[in-house]
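Enquirer: Sequence:
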Amino acid sequence: MIVLPLLFFAILVGIDQAIKYITFIALKPIGNIDIINNFFSLTYVENRGAAFGMLEGGKWLFVLLTIIVCIGLAIYYSKLVQQNRLFIVRVSIVLICAGAVGNAIDRIFRGFVVDMLNFNIFGYDFPVFNFADICVCIGAFFLVLGIMFFDKNMEEK
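Note that our numbering has the sequence shown beginning at 1, numbered continuously upward.
These aren't lab readings, by the way, just hints derived from the structure by calculation.
Positions of the beta carbon are idealized from the N, C-alpha and C atoms, including for glycine.
Just to be clear, a hint being listed does not mean it is correct.
[Unchecked claim] Listed next, with one range per pair, are the computed distances between beta-carbon atoms:
1) Asn32 with Leu4: 25 to 31 Å
2) Gly72 with Ile134: 20 to 26 Å
3) Tyr76 with Ile25: 36 to 42 Å
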């Protein structure tokens, strides 16, 4: 069944884009709002690079990589569905693709990714990130977890 994963994907991308739109409209003019003093703030950042601002300026490279990765994951997903295997991995693929597409939409239409979540943990000012980044990270975590610990077919190979 492809309808539920596509709906989940669309909802995640929609949430991501709504948050970024609100951030762009409301937070850009003021730059920063402290939520929890010295721990968490909303900070407007225009990220022109990859994860945490690395490799700045590769807009179309990142869009191309997003397309390639999502196509590869979609092929893997379809094989998992055909074999009725690994729900956790299938969900993780949807999370990764939704996050990647959410950031690709920003790169295509804005020329940068809008980031806003800023944590300062034990004096370390963590790089500013967004909802799409969370989707990719959680998806990647569960993808590795699912393949390493729950894929019985991997043991047979």
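Enquirer: So, for every hint listed, does it hold in this structure?
Expert: Here is what the structure says about each hint:
Range check, asparagine 32 to leucine 4: Cβ separation about 38 Å, and the 25 to 31 Å hint is violated. A C-beta distance of roughly 22 Å is found between glycine 72 and isoleucine 134, which places it inside the suggested range of 20 to 26 Å. A C-beta distance of roughly 37 Å is found between tyrosine 76 and isoleucine 25, which places it inside the suggested range of 36 to 42 Å.
Checked against the numbered hints above, the structure violates only hint 1.
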